[in-house]
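Asker: Here's the letter readout for the chains.
Number of protein chains: 2
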Amino acid sequence: MKKELMLELLNTKQYKQLHTLLMENNAVDIAYLLQQIEIGDCAIAFRLLSKKKAAQVFSNMDIQTQSQLVELFSEKELESLIENQYMDDLVDLIEELPANLVTRLLKHVDENQRQVINQLLSYPKDSAGTIMTTEFLSLKKETQLEDALKYIKQNGNHCKSIYTSYVCQDKKLIGIVSTKDILLNDENKSIEEIMKEDFQYVYTHTDQEEVVNIFRKYDLVVLPVLDDEKMLVGIVTVDDVMDVMVDETSEDISKMAAVEPHDKSYFETSVFEHAKHRIIWLLVLMFSATLTGSIITRYENAFQAVPLLVSFIPMLMDTGGNCGSQSSTLIIRGIALNEIRFKEIFKVMFKEFRIALVVGVILAIANGLRIYVMYQDINIAFVIALSLIVTVILSKLIGCILPLVANQIGLDPAIMASPLITTIVDTCSILVYFNIAVHIFNL
Amino acid sequence: MKKELMLELLNTKQYKQLHTLLMENNAVDIAYLLQQIEIGDCAIAFRLLSKKKAAQVFSNMDIQTQSQLVELFSEKELESLIENQYMDDLVDLIEELPANLVTRLLKHVDENQRQVINQLLSYPKDSAGTIMTTEFLSLKKETQLEDALKYIKQNGNHCKSIYTSYVCQDKKLIGIVSTKDILLNDENKSIEEIMKEDFQYVYTHTDQEEVVNIFRKYDLVVLPVLDDEKMLVGIVTVDDVMDVMVDETSEDISKMAAVEPHDKSYFETSVFEHAKHRIIWLLVLMFSATLTGSIITRYENAFQAVPLLVSFIPMLMDTGGNCGSQSSTLIIRGIALNEIRFKEIFKVMFKEFRIALVVGVILAIANGLRIYVMYQDINIAFVIALSLIVTVILSKLIGCILPLVANQIGLDPAIMASPLITTIVDTCSILVYFNIAVHIFNL
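The listed protein sequences derive, respectively, from chains A and B. In this text, residue positions in the first sequence follow full-length UniProt numbering: the first is 1, and each later residue adds one. In this text, residue positions in the second sequence follow full-length UniProt numbering: the first is 1, and each later residue adds one.
None of these hints come from the bench; they were simulated from the model. Where hints are given, some of them may not hold.
One copy or any two copies: either way a pair holds, since identical chains are not told apart in the list.
Heads up, simulated DSS-like pairs for lysine-lysine below, C-alpha to C-alpha not over 25 Å straight-line [what the hints assert, rightly or not]:
1) Lys125 to Lys230
2) Lys51 to Lys196
3) Lys140 to Lys189
4) Lys52 to Lys140
5) Lys76 to Lys13
6) Lys53 to Lys217
7) Lys150 to Lys196
8) Lys153 to Lys140
9) Lys51 to Lys160
Since we're looking at a predicted model, the values are computed, not measured.
Construct all of the structure, not just a fragment, from the sequences and the given hints.
Answerer: As C-alpha cells, then:
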C-alpha cells in the first residue's frame with residue numbers, strides 16, 4: 001500500500017476501504033507507513049485494525065510513535081493492547097516509555113503479569129532473560145499425541161511459537177517435542193516415547209552472545225531458558241536472536257573504530273551524543289600519539305643531518321598501522337566466532353610471524369627499489385627496507401597478541417583494533433626506524 | 001558424550017553400546033566428535049548411525065572429513081547418503097569435493113535430481129538460488145484443512161520445514177499458509193479461506209544480503225524463492241540465513257581492515273594465502289603514503305627552522321586518521337543495515353560537520369593548553385590547535401562522503417574504511433599543518 005493512497009482514504013474518510021486494505025497488508029509494512037504520517041491520522045488508522053493486528057503493528061513501531069500513541073489511547077485501548085502483546089515486547093516498551101506513561105500502562109496489568117514483568121526487568125543487561133518471552137506450550141510426558149495436538153490447537157493462539165512444546169515434570173524441563181514429530185508419529189503414542197531428552201538450553205543469566213552461538217551451532221529456531229533451579233521460565237525465538245546478532249556486530253564494529261557503542265541508529269543519535277561517544281578515545285589516542293612525537297624530538301640531530309628521513313615517517317607509520325590492523329581485526333573476528341582461543345596464542349604468533357616475513361620482504365623490496373631508483377642512495381634504501389621488515393613483524397605480532405590477551409583478562413578484544421594498535425605500532429616503528437638510521441648513517 | 005568414551009567403546013568393539021550412545025546425541029555434536037578422530041574409526045562409528053541420522057551428521061562435518069568418508073564409502077552407502085541429503089547440502093558438497101569423488105557421487109543421482117543439481121549450480125554466486133533448498137510442501141487452494149493436514153503428515157518427512165506450505169496454481173505461487181493456521185482453524189475450511197496472499201518472496205537471482213534484510217525486517221523463519229516466471233522453485237530457511245549473516249559480516253570486517261575477504265577460517269588459511277590476501281592493499285597504501293612523504297619534503301625549510309614541528313606529525317596524522325575512521329565506520333555500518341542512503345548525503349555531511357566542530361574544538365583546547373604549558377610557545381600551540389580543528393573537520397567529511405559515494409557508484413563501501421581513509425586523511429592533515437605553520441611562523 002502506498003502512503004499517498006492511505007492519506008487519501010484518511011482525508012476522504014473512506015474508513016471501511018482503508019480497513020480492508022490495512023488488514024490485507026503485513027504488520028511490519030503498516031507500522032512503517034503509520035510512523036511516517038501525522039500522529040492524529042496514525043491513531044485513526046490504527047483504530048481501524050483488529051485487536052490482534054493492532055498489537056502486531058504496535059510492536060513493530062519505533063518508540064517515538066509508540067509513546068505518542070499510548071498518550072492518545074483510552075484506558076480501554078491500553079487494556080486491549082496489553083492483553084495482545086507478548087511479554088517480551090511489553091517489557092521492552094516499559095523500559096523505553098517515559099515514566100508517566102508507564103504508570104498508566106501498569107494500571108492495566110494484573111498481579112500475575114506484574115510479577116512476570118518485574119522478573120523480566122530484573123535480569124542482567126544482555127542476558128538470555130532479557131530477550132526471552134514467557135509464552136510457550138508445555139506438555140506432560142504421559143499425554144497421548146492425539147491429546148497433545150488438541151492441547152496445541154486450544155492453547156496455541158497466544159504463543160509466539162507453537163512448533164516446539166516443552167515437557168515438564170514438577171516444573172523442571174525434562175524433554176522437548178516438536179509439532180512435526182507429533183504430526184508425523186502415530187497418534188496413540190505418548191509424548192514420552194517421542195520427546196527428545198538431549199536438547200540445548202540456556203539459563204536466564206546466560207550472555208546473549210552465547211545464546212547466538214548456540215542457535216548458530218545447532219541451527220535452532222527456538223531455545224528454552226531455565227532459571228537456576230532448572231525450571232523452565234521462557235523461550236528465546238530466532239527472530240530476536242537475529243536482532244541480537246546485528247546489535248552485537250554493530251557494537252563490535254563501533255568499538256573497533258574507537259566509538260563507544262550504543263543502541264540508537266545514526267540519525268537517531270544527536271550531534272552531542274555522537275561527539276560524546278567519540279571524544280574519549282580521540283583524547284586518549286591523541287595524547288598517546290604525543291609519545292611518538294617526543295621520541296622523534298630525541299632524533300632531531302638525525303633528521304637535521306639527513307632531512308629526507310622525515311619524509312618516510314608517514315609511509316612507515318601507515319604501513320605499520322595497516323599491518324597491525326589487518327592482524328588484530330582477523331583475530332578479533334576469530335575470537336568473536338569462537339574460532340581462535342587464548343591457548344592457541346603461540347600458534348597464532350608463529351603464523352603471524354611467517355605471514356609478516358613474507359609480506360615484509362615484499363614491501364621492503366618494492367619500496368627499497370623505488371627509493372634506490374629515485375634517490376640513487378643505497379643507504380637510505382637499505383634503512384627503509386630493513387625498517388619495513390622489522391616494523392611489519394612487530395606490528396603483526398602486536399596486532400595478534402593484544403586482542404588475545406585482552407580477551408583472556410576479561411576485556412573486550414574489540415578495543416584492541418585499528419586505532420589503539422596503530423598508536424602503539426607508531427611508537428615502535430619510529431623507534432625502529434631512527435635506531436636503524438642512526439646506525440647506518442653513523443649519526 | 002566424551003571423545004575418550006567413544007574411543008574406548010571403539011577400541012573394545014562395544015558397537016551396540018556406542019550405537020545407543022550415538023543415537024541419543026545431537027547430530028551437530030556427533031559430527032564435531034567424529035571429525036576429531038582417525039578416519040578409520042570415524043567410518044566405523046558413522047556406520048553405526050541410522051540412515052537419517054547419518055545424513056544429518058554428515059552434513060554437519062567439515063569438508064575434509066566429508067571427502068575422506070566419501071572415499072571410503074561403498075556404492076550402496078553413497079546411494080543412501082544422497083537419498084537422505086537435502087538438495088542444498090548436496091550441492092554444497094558437490095561444489096567442494098574433488099572431481100573424481102563428484103563423478104562417483106553423481107552416478108547415484110537420478111535424472112530428476114541431476115536437473116535440480118545443475119539448476120542449483122547455475123545460480124550466480126551469493127544469490128538466493130545458491131542458499132535455497134528445493135524440498136517444500138505445496139498445497140492446492142481448494143484443499144480442505146483436514147486433508148491438508150493429512151498431506152503434511154504424509155509428505156513432511158523429507159522436508160526441512162513443515163511449518164509453512166505453499167499454495168500454487170499452474171506452478172505459480174499464489175499464497176502461503178502456516179501449519180499454525182491449519183491447526184488452529186476449523187478443519188472444514190479450505191486453504192483458500194485462510195491462506196495469506198500478501199507474502200514476502202525473492203527471486204533466485206536476488207542477492208543474499210537482500211534476503212537477510214527481508215528475514216530481519218519481517219521476522220521470518222522461511223522465505224519462498226521464485227524464478228523469473230514467478231514459479232516457486234525453492235525456499236530459504238532461517239538457519240542458512242544466519243550463516244549468511246555471519247559470512248557477510250566477516251567479509252565486511254575483512255574489507256574494512258584492508259584484507260581481501262575469503263571463506264576459510266583463520267587457521268584453515270595457509271601462511272601464503274594469508275599473505276596474498278593482505279599484500280595488495282598494503283602495497284597500494286604504502287605507495288599512496290609516499291605522497292604524504294613527498295609533501296613533507298617540500299616543507300624541508302620549515303622543519304629545518306623549527307625542528308619541533310616534526311614531532312607533532314604523528315599526533316596529527318593519527319588523530320585525523322582516527323576521526324576519519326570513526327565516521328567512515330559508522331556510515332559503512334549504517335549503509336549495510338539500510339539505515340543511511342545516498343540521498344541523505346547532505347544531511348550526513350552537515351551532521352558530521354557539527355560533530356567535527358565539537359570534537360575538534362575540545363581536542364584543540366586540550367592539546368593547545370598542554371603544548372603551551374610544556375613549551376611556553378603560544379605560536380606553536382596556536383598552530384597545533386588550528387591544525388587539529390581543520391584536520392578533524394576534513395577527516396570527518398572525507399570519512400562520511402567516500403563510503404556513500406562508493407556505494408552509489410556500485411563499489412563496496414567497506415573498502416572506504418580505516419586504512420584507505422587514513423592514507424587520504426594523512427595527506428590532507430600534513431598539507432593543512434605545514435600551510436598553517438608556514439603562515440604563522442612566516443617561514
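Asker: Taking the hints in turn, state whether each one holds.
Answerer: Against the structure, the hints come out as follows:
Taking the closest pair of Cα atoms, Lys125 and Lys230 come within 25 Å of each other only inside a single copy of the chain (21 Å); across copies the shortest separation is 45 Å, beyond that limit. Proximity of Lys51 and Lys196 under a CA criterion of 25 Å is satisfied inter-copy only: 18 Å between copies versus 37 Å inside one chain copy. Proximity of Lys140 and Lys189 under a CA criterion of 25 Å is satisfied intra-copy only: 13 Å inside one chain copy versus 30 Å between copies. Taking CA atoms no more than 25 Å apart as the test, Lys52 paired with Lys140 passes in neither setting, with 29 Å inside one copy and 27 Å between copies.
For a Cα distance limit of 25 Å, the shortest separation of Lys76 from Lys13 inside one copy, 24 Å, qualifies, whereas the shortest one across copies, 70 Å, does not. Taking the shortest alpha-carbon separations for Lys53 and Lys217, only the inter-copy value of 17 Å comes in at or below 25 Å, while the best intra-copy value is 34 Å. Taking the closest pair of Cα atoms, Lys150 and Lys196 come within 25 Å of each other both inside a single copy (20 Å) and across two copies (24 Å). Taking identical chains as interchangeable, the C-alpha atoms of Lys153 and Lys140 lie at most 25 Å apart whether they share a chain (16 Å) or sit on different chains (23 Å).
Within a single copy, Lys51 and Lys160 get their C-alpha atoms as close as 16 Å, which meets the 25 Å cut-off; across copies the closest is 33 Å, which misses it.
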